[in-house]
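Enquirer: Starting from the known structure of chain A, fit chains B and C onto it as the hints suggest.
Those protein sequences? They're chains A, B and C, same order as listed.
Residue numbers for the first sequence follow the working numbering, so the first one is 151 and each next one is one higher.
Residue numbers for the second sequence follow the working numbering, so the first one is 151 and each next one is one higher.
Residue numbers for the third sequence follow the working numbering, so the first one is 151 and each next one is one higher.
One or more of the hints may lead you astray.
Identical copies go unnamed one by one, so any copy, or any two together, can satisfy a pair.
Stated by the list, open to error - For lysine-lysine, the following DSS-like pairs were computed, each having C-alpha atoms within a straight-line distance of at most 30 Å:
1. K417 with K348
2. K530 with K417
3. K469 with K345
4. K529 with K417
5. K417 with K347
6. K345 with K530
7. K417 with K469
8. K469 with K530
Simulated from the structure, these hints should not be mistaken for lab results.
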Amino acid sequence: MDNTLFTVNNVWMMICTALVFLMHLGFSLLEIGLTRQKNTINILFKNVFILSIGLVLYALVGFNLMYPGSFIYGILPDHFFNLFGLSLPENGLTAEYAHGSYTYWTDFLFQGMFAATAATIVSGAVAERIKLGSFMIFTIIYVGIVYPITGSWKWGTGWLDGLGFYDFAGSTLVHSVGGWAALVAVWLLGARIGKFKKDGSIGAIPGHNIPLATTGVFILWIGWFGFNGGSVLSADPGKTSLVLVTTCLAAASGGLAAFLVSLFRYKQYDLSMFLNGVLGGLVGITAGADIMSVSDAILIGFIAGILIVLGVGFIDRLKLDDPVGAIAVHLICGIWGTLAVGIFGELAGWDQFGHQIIGVVSIGAFCMTSAFTILMILKKTVGLRVSEVEEQDGLDIHEHGMDAYPDFRLNQH
Amino acid sequence: MDNTLFTVNNVWMMICTALVFLMHLGFSLLEIGLTRQKNTINILFKNVFILSIGLVLYALVGFNLMYPGSFIYGILPDHFFNLFGLSLPENGLTAEYAHGSYTYWTDFLFQGMFAATAATIVSGAVAERIKLGSFMIFTIIYVGIVYPITGSWKWGTGWLDGLGFYDFAGSTLVHSVGGWAALVAVWLLGARIGKFKKDGSIGAIPGHNIPLATTGVFILWIGWFGFNGGSVLSADPGKTSLVLVTTCLAAASGGLAAFLVSLFRYKQYDLSMFLNGVLGGLVGITAGADIMSVSDAILIGFIAGILIVLGVGFIDRLKLDDPVGAIAVHLICGIWGTLAVGIFGELAGWDQFGHQIIGVVSIGAFCMTSAFTILMILKKTVGLRVSEVEEQDGLDIHEHGMDAYPDFRLNQH
Amino acid sequence: MDNTLFTVNNVWMMICTALVFLMHLGFSLLEIGLTRQKNTINILFKNVFILSIGLVLYALVGFNLMYPGSFIYGILPDHFFNLFGLSLPENGLTAEYAHGSYTYWTDFLFQGMFAATAATIVSGAVAERIKLGSFMIFTIIYVGIVYPITGSWKWGTGWLDGLGFYDFAGSTLVHSVGGWAALVAVWLLGARIGKFKKDGSIGAIPGHNIPLATTGVFILWIGWFGFNGGSVLSADPGKTSLVLVTTCLAAASGGLAAFLVSLFRYKQYDLSMFLNGVLGGLVGITAGADIMSVSDAILIGFIAGILIVLGVGFIDRLKLDDPVGAIAVHLICGIWGTLAVGIFGELAGWDQFGHQIIGVVSIGAFCMTSAFTILMILKKTVGLRVSEVEEQDGLDIHEHGMDAYPDFRLNQH
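If we strip away everything but chain A, and leave its shape as in the complex, we get (with noise of 0.2 Å):
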């Protein structure tokens, strides 16, 4: 490839990189804004935690184990063991042409970035009741170990690649794989306390800060240029610039059939519904944003926000406590999407949606039994949930000595 167009792909995916980066500031302003101030220190731990330690093991495993593709191949000892395995290649010429069209080292830290997204999806989920220990562990086997091998099915040209899969950004492989997870850890951990009363009715637990919860979708959104945008794998212009209008008008259309439909249905102006709207927009049209149409991401989004607000009804009515809607965004909306490459755009066909749902089931499968496993040894061991003290007093002030407003003053005019 000429030199300079390698310089300019390279550029465009660091710029991507950085803007997944930003994603995780974005989930972290979105979830303590839908949960209550008690439990904020502990979300913004949670959060800063995942992004760390997922950088830390993508380098010492994910990144060898989900590439090249073959997961028997990516845990023989030899790469499994392979600590500080991102070592330097021995000469320029390597790191600037491992892969096809930008460098090793962005390789790396694209799929880090995304790597570290699936532990964060989970995080909303259990939010304001798990331990954080069993969290911290839970995280490190997710997005070390079980992130990167269903990423090597499809991304690593592993078997559902083979098969005819079709994800383009991680419908799937990203906000299902975490998805599944949260699906199943609200399960285990149950509701918090006051959310499902003994009368059936179904108590609001509001949360502490809408404008940060609102600043949060906006950078998730301004994040899924990159994550959308850098799965092109290149700065190819025709390609990235029409992935970055079908992800837009997604997420649009999909904030607003969430304020239409929550409107017709409550009969308010819902924010929190709208916003999630947006997200599943995003969500819906990552697994085909470089195959539709216009038209069809608009149709997709619209169909996504739809869902969200159904989905979100539908889970409370499930005895499902998930504060912060992430199943219905990230697994429901994920699912959406994935099948909506064998419905909309240019592999639209009944073949294709064969394979999709081959895709969801199988990841789905795995997903959930990993979680589940992972989960249920710490709920036998360690324990998954704290306290109900702790949940009560909130676990800023238990598990760290510290409140997210210590000095916070009413003025006194």
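Expert: Coordinates of chains B and C only, in the frame set by chain A:
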């Protein structure tokens, strides 16, 4: 054009698009920060709505209406009713080469991000008392039709462009277009309860979160890297980097001027004025960011900063209630920046000054007439303003059934 | 150089400039988050002022003073008094090719964003008690003259550069330059009322908004993508992407180390330490980000994280009151990172270690002397510290007549 250079230009334009996207977060934070807590959800809702509907409308109508530059042509049935007009060009080449130095998709998304800005400017000025439904209808018409029409006059190579009117990145075409509507809306709406007292004194109505307002200004500043930097419409190194330099220096000197003038006038280090001075400097340099020297940029920004302090006081004396200073920032400094093109820089001269005045006046007349017509019809039919009870209680509870900080508690130490 | 490659390099450098700009938002949020609410406006004002005056001063004086590398040359009248020295080069070619791989304008703006950083570091350490006017005078001299002089010693190809001193992106030239001044300022100012009690105990003075502080750290981290990534001074794919990898891994492992050490020492999951560990890792890798392997980066970051925990305790024991931990982060880790160049990576060796020590000591001596002189003169004339009443009431009311959250109310449910 060389393929690689095309790719570079496109990468730069996509980055600028992302930065302009960020401005919507900046505006949101600025507006909620400078207004009362009880209307926070309402303002956030408006801003997320504007961005979402703005993008979808620009795909459906605006982009076709604004280019190729004749609004007569734009509203012919085959264009106006060409829903989902932004169809995937049949071959990649068209998508890539439709525009000179970046793709059709990039062009759409960059311009679409701009379009939504005009309504956001209005949003701040009418905050805390406008009916949400009426504002949404106004937004749809103003962003969907009015903005593309005036835009076509210059950027769509229409009559103002032929005349020699110069507006590099939109001091007039974006900021004044929003500012004129803000002026009309504020006048038709009337002031918030408590702003102008019977004894003639002016009641200060403080905002609720200055840290978020300040964050908003920082984000707007970085957004302007894309707003002005992207208006070069290529990655031309000399032009783009000059534009960033003039933009940043005008912002800096605008802030310093507003701080110094307000220190001199009110004997206080006024952070709000500093921040509005920065924004005034940014709006002021926008019309000529690519044709000014460093000293020109510093002077234009400095004068904009002075105008902000005088303008905010002047608007108060006119008994116009603009909670966030949008009219001073976007209209007064938008006019100033447009006229400055005839005074400073490469185009300075009486002829050019005349062209600039024609642009300011013609667009002002069209925008004021349009905004007045739309808003007056809304006022006479569904009404523009919420009831007195709603205004006193806050729009969040009445329109959204929600509080911005529902679980916020003071720490118990 | 190939025209297109020049354009790519320039695009990358402009993006890095924007990211370094963002660091000013990151510092602002970190500082206000870790300090008391009553001084929030004051800190925000300082940070917006630093950025604004920093950019204008760098245009007027600093850029000419710092390059081409001789401060004697720089202060000759025709340069020093060359107001608006950054004039538009007479032809486009000069603007584009003055520097090797990007334009004169990009060079100015990237370096200008760096310059302002040095004063920002001081701002955090002296928060909650310094007189605003005195701090502004200090900033003008320190950013306008001291920073460019020491900068010229290395980056302006001055004597330290000739000697073989290595400081890739400024562990010493930026962070320690700020850190030394912070140390002197904290010492001359004295501790905040209530920090060190008569019985010898140390009073914790909590911050007021940990979510904003955490947001600040995320933003600083992404800012470092530009700070270090841009210090390659081109878009060279191998170098820039390696730098991003070492930067991110050092940040991650710095955070993990600080968390583990503080967990071991204080039996708590300390979010503040985690965050400062991330920053310590970032400062630590900065001097050698381009010449370290992955394992080097992880180790350098890890040691920086340990130093943070020890350093914060050590500074407390010295009875130095640094509200945000700026001295531990920027000075201690700045020195560590500079020395690490002699211990790890491509340049490791006793000779290099010696050069690094000379750099640390000479710049430390110059900065401490300069800072002491400026601050001592200010102390003896206009005074450095606010009155006891002002400190107790908060600087916001006295200097700004404003409250950070003037309309904040608890929800009534």
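Enquirer: Taking the hints in turn, state whether each one holds.
Expert: Against the structure, the hints come out as follows:
1. K417 with K348: within (27 Å within a copy, 38 Å between copies)
2. K530 with K417: Between copies only: 24 Å across chains, 45 Å inside a chain, cut-off 30 Å.
3. K469 with K345: For K469 and K345, only the intra-copy Cα distance (9 Å) is at most 30 Å; the inter-copy one is 48 Å.
4. K529 with K417: Close across copies (23 Å), not inside one copy (41 Å); limit 30 Å.
5. K417 with K347: Within one copy only: 24 Å inside, 36 Å across.
6. K345 with K530: within (24 Å within a copy, 45 Å between copies)
7. K417 with K469: within (24 Å within a copy, 36 Å between copies)
8. K469 with K530: within (22 Å within a copy, 48 Å between copies)
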